[in-house]
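Participant: Here is how the chains run, residue by residue.
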Amino acid sequence: MEIGPIWRAMMRNKTGAILIALQIAVTMAIMVNAISIMQEKDRMMSRPSGLDEHNLFSIASVGFAKDFNERVTIEEDLAALRAMPGIVNAIQSNAVPLSGSGWSMGLQTEPGAEIDGTGVGLYFVDEHGLDTYGVNLLAGENFSASDVAWRERAATEWPDKTIITRAMAEAMFPDDWASALGKTVYIADTQPITITGIVEKMQGSWPGWDGFERVMLVPTHTLFGATVYLIRTEPGMRDSVMPQVEELLADRNKDRIVRSMRSMDEIRERSYRSESSMIKILTFTIVLLIAITSLGIVGLASFSVNRRTRQIGTRRALGASKLVILRYFMTENFIISLGGVLLGAALTVGLNILMIETFSLTRITWYLVPVAMLLLLAVGQIAVFGPARRASSVPPAVATRTV
Amino acid sequence: MFSYYLKLGLLSIRRNPLLSALMIAAIAIGIGACMTIITVNYVMSSNPIPTKSEQLFHVQLDSWDPNQPEDDGNFEPPDQMTYIDAMALMKAQKAYRQVASNKSSLVLEPQGDDERPFSVTSRNTWADFFPMFDLRFVHGGGWDDASDRNLERVVVLSKEINERVFGGENSIGRRVRLSGMDYQVVGVLDEFHPVPKFFDVTNGAFSDPEEIYIPFNVAVEYELPRNGNTNCWKPVDGDGIEAFLNSECAWIQFWAELRDNSEKQEYMAFINAYAEQQKELGRFPRPLNNRLNDVMEWMEDQEVVEDDARVMLGLSILFLFVCLINTIGLLLAKFLGKSGDISLRRALGASRSSLFIQHMIESGLVGLAGGVLGLGLAWLGLRGIEMLFGDFVENMVSMDWVMVLTAIGLAIVSALLAGLYPTWRACSIAPAGQLKLQ
Amino acid sequence: MLSMQNISMVYRADLVETHALREFSLEVKEGEFVSVTGPSGSGKTTFLNIAGLLEQFTDGRYELDGRDVSALTDSECSAVRNEKIGFVFQSFNLIPDLNLFDNVDVPLRYRGFNSAERKRRIEKVLETVGLASRMKHLPSQLSGGQQQRVAIARALAGEPRFLLADEPTGNLDSQMALSVMELISEINRSGTTIIMVTHDPVLAEMASRNVHILDGRVSNGDQETTAEPLLSQVATA
Ligand SMILES: Nc1ncnc2c1ncn2[C@@H]1O[C@H](COP(=O)(O)OP(=O)(O)O)[C@@H](O)[C@H]1O
Ligand SMILES: [Mg+2]
Numbered sequence: 001m002e003i004g005p006i007w008r009a010m011m012r013n014k015t016g017a018i019l020i021a022l023q024i025a026v027t028m029a030i031m032v033n034a035i036s037i038m039q040e041k042d043r044m045m046s047r048p049s050g051l052d053e054h055n056l057f058s059i060a061s062v063g064f065a066k067d068f069n070e071r072v073t074i075e076e077d078l079a080a081l082r083a084m085p086g087i088v089n090a091i092q093s094n095a096v097p098l099s100g101s102g103w104s105m106g107l108q109t110e111p112g113a114e115i116d117g118t119g120v121g122l123y124f125v126d127e128h129g130l131d132t133y134g135v136n137l138l139a140g141e142n143f144s145a146s147d148v149a150w151r152e153r154a155a156t157e158w159p160d161k162t163i164i165t166r167a168m169a170e171a172m173f174p175d176d177w178a179s180a181l182g183k184t185v186y187i188a189d190t191q192p193i194t195i196t197g198i199v200e201k202m203q204g205s206w207p208g209w210d211g212f213e214r215v216m217l218v219p220t221h222t223l224f225g226a227t228v229y230l231i232r233t234e235p236g237m238r239d240s241v242m243p244q245v246e247e248l249l250a251d252r253n254k255d256r257i258v259r260s261m262r263s264m265d266e267i268r269e270r271s272y273r274s275e276s277s278m279i280k281i282l283t284f285t286i287v288l289l290i291a292i293t294s295l296g297i298v299g300l301a302s303f304s305v306n307r308r309t310r311q312i313g314t315r316r317a318l319g320a321s322k323l324v325i326l327r328y329f330m331t332e333n334f335i336i337s338l339g340g341v342l343l344g345a346a347l348t349v350g351l352n353i354l355m356i357e358t359f360s361l362t363r364i365t366w367y368l369v370p371v372a373m374l375l376l377l378a379v380g381q382i383a384v385f386g387p388a389r390r391a392s393s394v395p396p397a398v399a400t401r402t403v
Numbered sequence: 001m002f003s004y005y006l007k008l009g010l011l012s013i014r015r016n017p018l019l020s021a022l023m024i025a026a027i028a029i030g031i032g033a034c035m036t037i038i039t040v041n042y043v044m045s046s047n048p049i050p051t052k053s054e055q056l057f058h059v060q061l062d063s064w065d066p067n068q069p070e071d072d073g074n075f076e077p078p079d080q081m082t083y084i085d086a087m088a089l090m091k092a093q094k095a096y097r098q099v100a101s102n103k104s105s106l107v108l109e110p111q112g113d114d115e116r117p118f119s120v121t122s123r124n125t126w127a128d129f130f131p132m133f134d135l136r137f138v139h140g141g142g143w144d145d146a147s148d149r150n151l152e153r154v155v156v157l158s159k160e161i162n163e164r165v166f167g168g169e170n171s172i173g174r175r176v177r178l179s180g181m182d183y184q185v186v187g188v189l190d191e192f193h194p195v196p197k198f199f200d201v202t203n204g205a206f207s208d209p210e211e212i213y214i215p216f217n218v219a220v221e222y223e224l225p226r227n228g229n230t231n232c233w234k235p236v237d238g239d240g241i242e243a244f245l246n247s248e249c250a251w252i253q254f255w256a257e258l259r260d261n262s263e264k265q266e267y268m269a270f271i272n273a274y275a276e277q278q279k280e281l282g283r284f285p286r287p288l289n290n291r292l293n294d295v296m297e298w299m300e301d302q303e304v305v306e307d308d309a310r311v312m313l314g315l316s317i318l319f320l321f322v323c324l325i326n327t328i329g330l331l332l333a334k335f336l337g338k339s340g341d342i343s344l345r346r347a348l349g350a351s352r353s354s355l356f357i358q359h360m361i362e363s364g365l366v367g368l369a370g371g372v373l374g375l376g377l378a379w380l381g382l383r384g385i386e387m388l389f390g391d392f393v394e395n396m397v398s399m400d401w402v403m404v405l406t407a408i409g410l411a412i413v414s415a416l417l418a419g420l421y422p423t424w425r426a427c428s429i430a431p432a433g434q435l436k437l438q
Numbered sequence: 001m002l003s004m005q006n007i008s009m010v011y012r013a014d015l016v017e018t019h020a021l022r023e024f025s026l027e028v029k030e031g032e033f034v035s036v037t038g039p040s041g042s043g044k045t046t047f048l049n050i051a052g053l054l055e056q057f058t059d060g061r062y063e064l065d066g067r068d069v070s071a072l073t074d075s076e077c078s079a080v081r082n083e084k085i086g087f088v089f090q091s092f093n094l095i096p097d098l099n100l101f102d103n104v105d106v107p108l109r110y111r112g113f114n115s116a117e118r119k120r121r122i123e124k125v126l127e128t129v130g131l132a133s134r135m136k137h138l139p140s141q142l143s144g145g146q147q148q149r150v151a152i153a154r155a156l157a158g159e160p161r162f163l164l165a166d167e168p169t170g171n172l173d174s175q176m177a178l179s180v181m182e183l184i185s186e187i188n189r190s191g192t193t194i195i196m197v198t199h200d201p202v203l204a205e206m207a208s209r210n211v212h213i214l215d216g217r218v219s220n221g222d223q224e225t226t227a228e229p230l231l232s233q234v235a236t237a
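Protein chains in written order, with this note's numbering: chain C, 1 to 403; chain R, 1 to 438; chain H, 1 to 237.
Isolated chain C (complex conformation) (with noise of 0.2 Å):
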């Protein structure tokens, strides 16, 4: 291969070189930088929930008249859900996992003020709780329908049991998380609560939390005047099961209004909608850079094929085939694309670092790196191709018949 000659052809005009090599160095250091906060969204986003997701919709209630009944409002629109055809069980809950709204509350280890809790998001459930949600429980048992009291707003007093995750046993008892079972824990500082169970995997109201899956349940029907109804319907049951729902909801009470009916898919799409926007914004955005930078390099390149047809011809009257020629554009490109990767690596690495600096995102895979490159070399390669194509074919004839 002629790659000095080549090489020093190209320190002669250097400007152009350089150009396209920065231009694939900043392309580089902005899609791997994007790919990695991509991966980021991604890992987040795909973290199981624990839950029926597929299966699984919730559906607001309010009362608000003078008279209504709240406790038998309820008693009787879970009986009426749960006779429903196509629904597996029903609970009511004062919020939906997921949805970005919810309780949290602290549990520790020791009774006192003084003592630190535990951060944990809490869902008061009956004891159908675990069926509908659907998450699998490891140990212990779960709640009996006598373990379930019912509490008003701005009550105080906890019942004596929960069922917790295992994610939540494992921050309060990090030596053994399976001792957790039976132990007695304190919530509002100082009342006891025993952990009568430990489900594998429950995610609670936000996403960002970094206590998203510390999870407790609590045996407890709330009357805060409103409330939501989480329904677990047969496999492919849920879309038809819906608008019945709501219409039975509507339709049963008069004193209430039903609202915000929404599937869990689509309040975990909702809920990382911001995540998959970026995550859509990104991809367009390397897309378009990419494009940019090989109209970049196929622009450059028929500029400098232009210029270069005599000496082409030249070339090709000196006993060059079509392949060399070919193959000679080709290096060219291969070598400055080369050495843009390699300023890429440099810059991509800068930027990262600035990135993890500013607003604590995370290192990038290593394999980005040489993924980036070859990508990026095969992207030269495949613009640089037209124009090399089209030097190919300068007829040798253009050596003696140019001035």
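Keep in mind that the hints were calculated from the coordinates and are not lab data. Here the structure is a predicted model, which is why all the values come from computation and not from measurement. Don't take each hint at face value.
To be verified - Listed next, the in silico SDA-like pairs over lysine to any residue satisfying Cα-Cα at most 20 Å (straight line):
hint, chain 1, residue 1, chain 2, residue 2
1, C, Lys161, C, Glu110
2, C, Lys14, R, Ser339
3, R, Lys91, R, Ser147
4, C, Lys66, R, Glu223
5, R, Lys94, R, Met268
6, R, Lys234, C, Ala155
7, R, Lys234, C, Ala188
8, H, Lys84, C, Val324
9, C, Lys14, R, Ile429
10, C, Lys201, C, Glu127
11, C, Lys14, H, Pro96
12, H, Lys124, H, Gly191
13, C, Lys322, H, Arg111
14, H, Lys124, H, Leu138
15, C, Lys280, R, Glu306
16, C, Lys322, H, Thr73
Said to hold, decoys possible - Just a sample of chain R residues kept apart from chain C, beta carbon distances all over 10 Å, derived:
hint, residue
17, Tyr42
18, Ile49
19, Glu54
20, Met87
21, Lys94
22, Arg97
23, Glu152
24, Phe192
25, Gly282
26, Leu292
27, Leu420
28, Ile429
Here a beta-carbon is modelled for each residue, glycine too, at the ideal position from N, C-alpha and C.
Dock chains R and H with the ligands against the given chain C, drawing on the hints supplied.
Facilitator: Leaving out everything else, chains R and H with the ligands in the frame of chain C:
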């Protein structure tokens, strides 16, 4: 002469349509991407109430947990205030104006039988809210202090709700049924969409403003449900609303209007004295740490501009940079491609400076075209963002004339910068160099 | 070694047909030095391009070294040009971005010689044309005559059996033209077959034979010239 250069520039742009198109596209895409993101950032960081943002102060009292880790002495007092403190500050009336407020979700029952009840969001606040935050009315006005004191069930409707319930008529004096109780309409607001929604960023800096406004005291009296964030560092002592109101739970946003620095100093002294006095009563167990932040300071403090938006801003500026390098390369190719023409002009007596102007004008023209096209792309980009994020960004995706001018200015400046080096190279082509045979 | 029979060459551009060569026949033997003359547009360059396999002809038969050229593929043509033919152009056609060494190196690279062999040949031919000391210079740093000598060196480096030159002195003043002509004659004496297009009758007479082209045809009566006396005559002129 300028018009001659303009003509030359246009001619040259038309002579290499492909190269010119490529350059204009590169600038347009760069500007489009950049302006889309800049607009979002600009709106996120814009001043929602420019006329008085420096006189409105968010009040924070550190009534928090003594066991809370100190965070290298930088403990941020709670965003919101407890009922006890908010009431004490309201009562003291030490600021020119002050309001405590929170939000609720209520059910509105329209009069007609066939119309279904629907839920509305309500801001529970004080008479001063309306003059303090410069709200304008279509009909009527806010309520007065007496209404606050006497627990009058009065309501101010947003324009949209008045439209929905009363068909946009002047509804002053009419009754609205909210969660089982009648309220009398005293005012109908004009459009009110502050972005960010500065007076309650705790519950969403970019969420829509509430649909109705009722007296805070009424909401407390009738135990209307609280719909915002509630934070307690200490369990509530006993059952019932009384216990809750007397608890250390923070759920109220508190703002004070202080017209100048001395008022601010006095108010700071006042809240510090209040905190000292509370310490004597056994509350406020932490060291003195009260804060007054004006609107923009508070937006900064609350990091209203999201990290994602700032990351995107950085990336989009780099993106524009790539587009500019692209343009430099293409301009260089183009200018050197017509070196014959240039040396001919030089031989015919064109001075270096006139060539310089000629080529800079050509670059500027490319920039102008790129800017206009980029503006269109930015508009598309914003529609795209709106589609992706949905109602969350509804208030963030409109461009004002500042943004339009910025886009075009940025495009032209970018193109001129990009044109500088190629122009310099073009100008240094020797007058005869290209005329003789190689 | 070169034999053309009834070659015609027609350029078609849109509706216009240009007959650059018609029924053109010519034989050139090993070791000959043929000058080609004729008015502008008569088809001299076209003939040279076809002879040097730079262009495909429309009709007729052309054998080079006894081999029918029309059967060769594009890359076979390239290989033949590279090995057997050296070119010298009117406007030198040195590659402006490469120094003299790299310019002479160009055909040798395509030939696939190793670097020691290339270096040896480059130094030798640059020595021959008297420019060995300027190996690292760029073409733009040389005079026209020097540039053409480099071009000749480049043509000779591969030791071709055939040297084709299209008005090699056309862009040179008479002093330089003479020195270049001496170089070419010397090359011919060392055994290389040469075809040289020129419009200068004095230079044409330095060849062993002159072919005059008129309107795409060889005009009657090849003139045999005796090289020896004329050369000395020119040299003293
Ligand atoms: N590529 C071409 N397309 C069309 N006509 C051509 C082309 N090349 C040469 N010609 C025509 O062929 C004729 C012979 O040209 P050429 O061989 O270059 O003449 P000479 O070298 O004797 O001056 C001329 O009339 C010329 O215009
Ligand atoms: Mg000719």
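Participant: Look at each hint and say if it fits the structure.
Facilitator: Going down the list of hints, with the structure as the test:
With a CA separation close to 16 Å, the supplied pair C/Lys161 and C/Glu110 stays within the 20 Å bound. Simply put, C/Lys14 and R/Ser339 have alpha-carbon atoms about 18 Å apart, close enough for the 20 Å limit, and the pair holds. Distance hint between R/Lys91 and R/Ser147 is fulfilled; the C-alpha atoms sit about 15 Å from each other, no more than 20 Å. Between C/Lys66 and R/Glu223 the CA atoms are separated by roughly 13 Å; this keeps the pair inside 20 Å, and the hint holds.
For the suggested pair R/Lys94 and R/Met268, the alpha carbons sit about 10 Å apart, so the restraint of at most 20 Å is met. Using a Cα cut-off of 20 Å, the hinted pair R/Lys234 and C/Ala155 holds, with the two alpha carbons roughly 14 Å apart. In summary, the hint linking R/Lys234 to C/Ala188 is supported, as the alpha carbons are separated by about 7 Å, within the 20 Å threshold. Restraint check for H/Lys84 and C/Val324: the C-alpha separation of about 18 Å stays at or below 20 Å, so the hint holds.
Distance check on the hinted pair: C/Lys14 and R/Ile429 sit about 17 Å apart at the alpha-carbon level, within 20 Å; holds. Between the alpha carbons of C/Lys201 and C/Glu127 the distance comes to roughly 18 Å, so the proposed pair stays at or under 20 Å and holds. The hinted pair formed by C/Lys14 and H/Pro96 meets the criterion: a straight-line CA distance of about 14 Å does not exceed 20 Å. Taken as a hint, the H/Lys124 and H/Gly191 pair is honoured in the structure, with Cα atoms around 17 Å apart against an allowance of 20 Å.
Using a Cα cut-off of 20 Å, the hinted pair C/Lys322 and H/Arg111 holds, with the two alpha carbons roughly 14 Å apart. A C-alpha spacing of about 19 Å is found between H/Lys124 and H/Leu138, which places the hinted pair at or below 20 Å, so the restraint holds. Under the criterion of a C-alpha separation no larger than 20 Å, the hint pairing C/Lys280 with R/Glu306 is consistent with the structure, at around 17 Å. For the hint pairing C/Lys322 with H/Thr73, the CA-to-CA distance comes to about 11 Å; that is within 20 Å, so the pair holds.
Under the 10 Å C-beta cut-off, the non-interface status given to R/Tyr42 relative to chain C holds; the minimum distance is some 17 Å. Even its closest Cβ contact with chain C, about 26 Å, leaves R/Ile49 beyond 10 Å, as expected for a residue assigned away from the interface. A cut-off of 10 Å between C-beta atoms confirms that R/Glu54 is not in contact with chain C; the least separation is 28 Å. Annotated as non-interface, R/Met87 keeps its C-beta farther than 10 Å from every C-beta of chain C; the closest such distance is 18 Å.
The beta carbon of R/Lys94 sits about 31 Å from the closest Cβ of chain C, which is more than 10 Å, so the claim that it is off the interface holds. Against the 10 Å criterion, R/Arg97 stays outside the reach of chain C, whose nearest CB is about 31 Å from its own CB. Its beta-carbon lying about 19 Å from the closest one in chain C, R/Glu152 satisfies the requirement of being farther than 10 Å from that chain. The non-interface label for R/Phe192 is consistent with chain C: the shortest C-beta to C-beta separation is roughly 24 Å, beyond 10 Å.
The beta carbon of R/Gly282 is kept farther than 10 Å from every beta carbon of chain C, the shortest such distance being approximately 13 Å. Against the 10 Å criterion, R/Leu292 stays outside the reach of chain C, whose nearest CB is about 28 Å from its own CB. No Cβ of chain C comes within 10 Å of the Cβ of R/Leu420; the nearest lies about 13 Å off, and the non-interface call holds. Here R/Ile429 stays apart from chain C, with its beta-carbon at least about 14 Å from theirs, past the 10 Å limit.
Consistency with the previously given hints is maintained throughout, with no hint failing.
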